[in-house]
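Participant: Line order of the protein sequences matches chains A and B.
Letter by letter, the first sequence follows residues 1 to 341 in the numbering used here.
Letter by letter, the second sequence follows residues 342 to 682 in the numbering used here.
Everything labelled a hint here was simulated from the structure, so no lab data went into it.
No residue lacks a Cβ here, since even glycine has one placed at the ideal position from N, Cα and C.
Be careful, since some hints might not be right.
[Claimed, not checked] The calculated label-pair distances, taken between Cβ atoms and stated as ranges, are:
(1) B:G532 - A:Q289: 54 to 60 Å
(2) B:E676 - A:R332: 19 to 25 Å
(3) A:S230 - B:R628: 55 to 61 Å
(4) B:F658 - A:S230: 46 to 52 Å
[What the hints assert, rightly or not] Some chain A residues judged to face chain B by a derived CB distance under 10 Å, without partners named:
(5) R258
(6) T265
(7) I290
2 protein chains.
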Amino acid sequence: MSKWYINTGEHGDVVLSTRIRFARNLAPYPFPAKLPVSEKYTVNELVRTALEDVPALKLQYTDMNQINDFEAVSLAERHLVSPEFVSAREGRSLLLSEDESVSIMLNEEDHIRLQVIKGGFALDEAFSEAGKIDDLLDSRLQYAFDDRIGYLTQCPTNLGTGMRASVMLHLPALAACSQLASLSATVSKLGLTIRGSYGEGSSAKGDIYQLSNQVSLGISEQAALENLKSITLQLATRERTAREELEKNPAFLDKIFRSYGILKTARILSTDEMMELLSFTRLGSIRGQIPVKTEVINELFVTMQPANLNSSYKTRFDAMTRREVRAEAVRRALEESDRTD
Amino acid sequence: MSKWYINTGEHGDVVLSTRIRFARNLAPYPFPAKLPVSEKYTVNELVRTALEDVPALKLQYTDMNQINDFEAVSLAERHLVSPEFVSAREGRSLLLSEDESVSIMLNEEDHIRLQVIKGGFALDEAFSEAGKIDDLLDSRLQYAFDDRIGYLTQCPTNLGTGMRASVMLHLPALAACSQLASLSATVSKLGLTIRGSYGEGSSAKGDIYQLSNQVSLGISEQAALENLKSITLQLATRERTAREELEKNPAFLDKIFRSYGILKTARILSTDEMMELLSFTRLGSIRGQIPVKTEVINELFVTMQPANLNSSYKTRFDAMTRREVRAEAVRRALEESDRTD
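Turn these sequences into a full structure, and let the hints steer you where they fit.
Facilitator: The following block contains the structure:
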């Protein structure tokens, strides 16, 4: 079953993926920060049981304490859980659908962090899918909900809808034109925030940025979605214009082609260098200059992360060996994509 | 007819080419520095006439004052004339064989600078061929010769045999190991000198070095040749050992493959960057890691120099366009070599 990050959806030239996340808590229990481990497992079981008779979801249950470090980090690298969720794993569990589009973190900051992620720009689709699972849970569990405030969450920034909607954007041209700092300031005035692809505090490796709504209190889900939708489309338009401008610059084209040349031949590749080279190669792929399918690059962005490499080879590579393994895997993927083109 | 720089001869993994040069003067005339322009043309005509009935040589006569700047510089880039010869061209002429292996500069520092250049390591062959032409000129013209000193030349460093024998060496591994400074000191004690590929004062672009004899007085041609031969073989052995050592270093292999990757894809290539990338690619070609024929790289080292590009496209490119034209020409040459392999 193909993973979400392989699909290039609508506006896929700029929007890598769309994510809806609901924060929910169960009224009878204290927030996870105050919950004893044994009761955390009770919460885990309640949620698991509430969803186990929904065969369409095919959710797989994982006790985070039962998996090794790189399996856990690999989940974060695939954006299926938060980095924070991985850092302390006792009492925490994960429900994950086979195509990895639905993931439910149990006992992260809130009892339930329900997330639906889709390739490309698919806010309505993701919202509707998340909503169905949320309704189901709501009908079977007792959500912590206040009529005036809305959903109650541990952190006040999530109060209200408990919803965080976000899109992952590939913005190499705006980054190259140094337009992101000013865009970030503008976007923030509109109640949105731009961050690196791994959320708060992370840098934008591979020119991948996460744009998300900041406000969940006093605003409806629909209004938040419309706002995010409109800003995303504006950013996408600006990025496309910047790409067309940069394409007239031979030095920028040179950088695109060289990036592909290095990825096709390098014997050693660090994550950071790979992200940068993939970013330029992706641009060339989209503009038809580079004979690699964009889906292949989208996939490499995720699967060639350190823990994912360990996880897929079932080995804990030392840093140097991992760079060699990564270089070889990237070469093969590009050659294969070239052949099947 | 294939040019000398396309042939890879003996020890061609390290020795790109071999050159013998004789400095000769005509007794009845002052040295060129003291010779009026009109008499320079008399000297030019004398030498030209002396060789015009030798059809095997097929020498082409060029009045250096009748060609444009980039045609003149292109001759220097191909090592057919000295850079000095190009800088002031009045009264100077060139006799050049079709395969460019024989070139005779007239009225450079001396009346006659006869040069024979061969691909690979071919000191005896080049010496014998230069000797035949020298004998012919000697029988038809009146050389300035002193029984005690030998051939008389304008600069005392050429007195005696008037011979300069040199080999062009590709020493990327010794350069990478920073062994060249100490080798240069050793070699100098043995009466030889190591310089950049374009002679005195030039830097070693592409890790190409010229090793030549320094002493022409009080030593026979044969002794000088034997000395150069023996040091060349020792340097070649050291270079090969260094190459084998470096090949165990993944970072060095990575550099070789990336160099090829960049040459295959870049849209902009400066001469200096190209020389460096070609140097590593040549190493990979010789060691069988890179699917490009070594001859192709040897040729690019020469034909992609700035004036050669102008000359072969019969245009005076601006610097930026020339870099784009070079990048495209290099890409095509490598693709073609890859296909015909």
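Participant: Run every hint past the structure and note whether it holds.
Facilitator: Going through the hints against the structure:
1. B:G532 - A:Q289: 54 to 60 Å: 55 Å, holds
2. B:E676 - A:R332: 19 to 25 Å: Holds: the Cβ-Cβ distance is about 21 Å, inside 19 to 25 Å.
3. A:S230 - B:R628: 55 to 61 Å: 57 Å, holds
4. B:F658 - A:S230: 46 to 52 Å: With a Cβ separation near 48 Å, F658 (chain B) and S230 (chain A) satisfy 46 to 52 Å, so the hint holds.
5. R258: 5 Å, holds
6. T265: Given a least distance of 3 Å, the restraint on T265 (chain A) holds.
7. I290: Since chain B brings a Cβ to about 9 Å from I290 (chain A), closer than 10 Å, the hint holds.
Checked against the numbered hints given earlier, the structure satisfies every one of them.
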